[in-house]
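Participant: Fit chain B to the given chain A structure using the hints.
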Amino acid sequence: MRIHEYQAKEVLHGFGVPVLRGQLATTPAQAEEAAAALGTSICAVKAQIHAGGRGKSGGIKLARSPEEARDHAEAMLGTALRTAQTGPAGQVVRKLYVEEGCRIERELYLGMTLDRDSGRITLMASTEGGVEIEEVARVTPEKILRAAVDPLTGLQANQARGLAFALGLRGVQVQRFVQLATALYHAYVATDAALAEVNPVVVTVDGELVALDAKLEFDDNALHRHPEIAALRDPDEELEREAEAREHELSYVALDGDIACMVNGAGLAMGTMDIIQLAGGRPANFLDVGGGASEAKVAAAFKILLADPAVRAVLVNIFGGISKCDLVAKGIVAAAQQVGISVPLVVRLEGTNVELGKQVLAASELDIIPADDLADAARKVVAAARETAPRATA
Amino acid sequence: MSIFVDRNTRVLVQGITGSAGSFHAEQMLAYGTRVVAGVTPGRGGTRFSTDVPVFDTVADAVRETGANASIVFVPPAHAADSILEAAMAGIPFIIAITEGIPVLDMVKVKRFLEDRPGIRLLGPNCPGVITPGQCKIGIMPGHIHRPGSIGIVSRSGTLTYEAVKQLTDLGLGQSTAVGIGGDPVNGTDFVDCLSRFETDPQTEAIVLIGEIGGSGEEWAARYIRKNVTKPVVGFIAGRSAPPGRRMGHAGAVISGSSGTAGTKISTLRDAGVIVCESPAAIGQTMHGLLHRKKARAARGHGGSLPRLKRGRASPTVRAAGRRAARADQGTPEM
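Protein chains in written order, with our numbering: chain A, 163 to 556; chain B, 80 to 413.
Mixed in with the good hints, there may be bad ones.
Unchecked claim - Straight-line alpha carbon distances no greater than 35 Å define the calculated DSBU-like cross-link-like pairs of lysine-lysine that follow:
id: 1; chain 1: A; residue 1: K459; chain 2: A; residue 2: K520
id: 2; chain 1: B; residue 1: K189; chain 2: B; residue 2: K309
id: 3; chain 1: A; residue 1: K305; chain 2: B; residue 2: K305
id: 4; chain 1: B; residue 1: K305; chain 2: B; residue 2: K372
id: 5; chain 1: B; residue 1: K187; chain 2: B; residue 2: K305
id: 6; chain 1: B; residue 1: K373; chain 2: A; residue 2: K305
id: 7; chain 1: A; residue 1: K459; chain 2: B; residue 2: K189
id: 8; chain 1: A; residue 1: K223; chain 2: A; residue 2: K305
id: 9; chain 1: B; residue 1: K309; chain 2: B; residue 2: K373
id: 10; chain 1: B; residue 1: K373; chain 2: B; residue 2: K305
id: 11; chain 1: B; residue 1: K187; chain 2: A; residue 2: K459
id: 12; chain 1: B; residue 1: K187; chain 2: A; residue 2: K305
id: 13; chain 1: A; residue 1: K305; chain 2: A; residue 2: K218
What the hints assert, rightly or not - Far from chain B, by Cβ distances over 10 Å, these chain A residues were calculated:
id: 14; residue: K218
id: 15; residue: P445
id: 16; residue: A498
id: 17; residue: I503
The set of hints was computed from the structure by calculation and includes no laboratory data. Glycine included, C-beta positions come from ideal geometry on N, C-alpha and C.
Excised from the complex, chain A in its bound form:
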């Protein structure tokens, strides 16, 4: 799960990461008040969307007066901001963070995430702060310093110190860096984060270190033990279908094709998308109903698939292991009764309780195109999608 910059800063500040003063604004008037309340000669008006690359796309503006902050807010609020990470449609700006300015001497990068190869949380630091770290990794990978953390000991001061000296910090700045890195690590572990990034860490002309931007992402599987983090979710930043999928514990990603698929298991779901593409079709989504798909879950999945107006045909591909084919079949029938299925439906069932599942489908009145195997299913659904006229969109 992702959260906004202002939320990340609030969380990190609670763990001792130094941040600048700032206020949230959702109207131009609030932005003006916030700038006046900060009382600094310069402040930044920052669009709060769940995507990076805001600086280059006009999502961060400097204001030298409360009136200017108000003007920036008027221009930004309600408009779609397109950055390198939002996709072509952009993301509508609904919230702004008005933050005091600071006098920058240097900009550094500090981030931490899981290194899958070692199975450990790994710190990354670089002198190239404030720019896209992926670009740094591509062009000058030697400029990214790393330190892997042993979960038995946690991050040790000597590791952070080593990074600080390698970044060229000296004197009290080294101490400040160790404090910042340690606080960031504590925040990471205490909140079950998946990514914690401060880019840039600013060294001010007064020699202080401060988090000018902050990004936190959390492990969805651990949100159950952090209700205070789960409460930070902003539904405005999510596609409605994806939010609904999450509620039913379905893994759903909307794509731009016209063949919807419902599959159990992430690998088979991707494999099904692959074979649809090989057969000349375009998948409309990735949907993994997961292990132990219940009747209700399958019905919910169906509704989500059919809510996409671009869909011209549906492929259900279930290879039962934990999932039982009869329960999946009942879910399909239930969904068909509740929402009605107006496009061709190709179903391929295999595995646990497959005969029971086929009986359930056969006993229903549903017009189903059965498929024998994966290749057969892909061929049939692509053919069916070609014959179906695009559905009228309301």
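Facilitator: The following block gives chain B in isolation, referenced to the frame of chain A:
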């Protein structure tokens, strides 16, 4: 022969009274697996399915029944604790089926197991392992398997079933099928399985199924290039997945260019693996490969496999192997 498990494996089921645990314990018993004990805290002293004793702790179960493998069906919030309980009780092979365990829990588990090289973890978020006709410790449908000589290792559960069914339908049985699971932090990896298949006399050829993300397939390719002489057929899921919404800067920085389907496929092909374009072509590709091998043997090539591995075969044989590999890759069975 087989790898990891056989008819003598004595299996403990952790979470045996839960809905998934009880259903699959029954399925394993029906398959012929020696399920010797179950553990559900608070249910000690009862019995599951007439003759499987249930214990409060893994230590009790091990002491009383000599269980030497454990399968974990415990819900995600408590699964890491259950894995550690099995490890502390000295169970040498732990299979974690549970999906959705918090990553930081697994970081601790992995670190704990680093100091205990005698304990193997499979998973989590995996279908388990099956040696057809002997022992099934997992959630895979048993009836699609049959004993034979193809070793399977996969990161995906249901995609493994898909491959198994294709093989069985073509008359190709399996020595052992292992699902290593799709979580970012897990136990047994591709290389562990490849090294065991390479030395297992029953295994004649290997199917490797990977997917986008991480760099396990790249490590597998490096290992195959140097150490595996048996033919390997592969599939990588996720070719059609768009680069899409990114998962954050830092993750991508760590994995660099590895992790994409394209990189994995080309790395595996460079190592001599025949990578299928279509997930429906895995069985046919393996069938064709073994058929050519038999034809060569009949023509008097001494029964050796078509050597696709560098450094071991002559340049001519290598070129022929690559041509064969390309021919296989050019014909997805749709």
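Participant: Evaluate each hint against the coordinates.
Facilitator: Results of checking the hints against the structure:
no. : hint            : result
1   : A:K459 x A:K520 : holds, 19 Å
2   : B:K189 x B:K309 : holds, 30 Å
3   : A:K305 x B:K305 : holds, 32 Å
4   : B:K305 x B:K372 : holds, 21 Å
5   : B:K187 x B:K305 : holds, 32 Å
6   : B:K373 x A:K305 : violated, 53 Å
7   : A:K459 x B:K189 : holds, 32 Å
8   : A:K223 x A:K305 : holds, 29 Å
9   : B:K309 x B:K373 : holds, 14 Å
10  : B:K373 x B:K305 : holds, 25 Å
11  : B:K187 x A:K459 : holds, 32 Å
12  : B:K187 x A:K305 : holds, 29 Å
13  : A:K305 x A:K218 : holds, 22 Å
14  : K218            : holds, 14 Å
15  : P445            : violated, 6 Å
16  : A498            : holds, 23 Å
17  : I503            : holds, 23 Å
Comparing the model with each numbered hint stated earlier shows that hints 6 and 15 do not hold.
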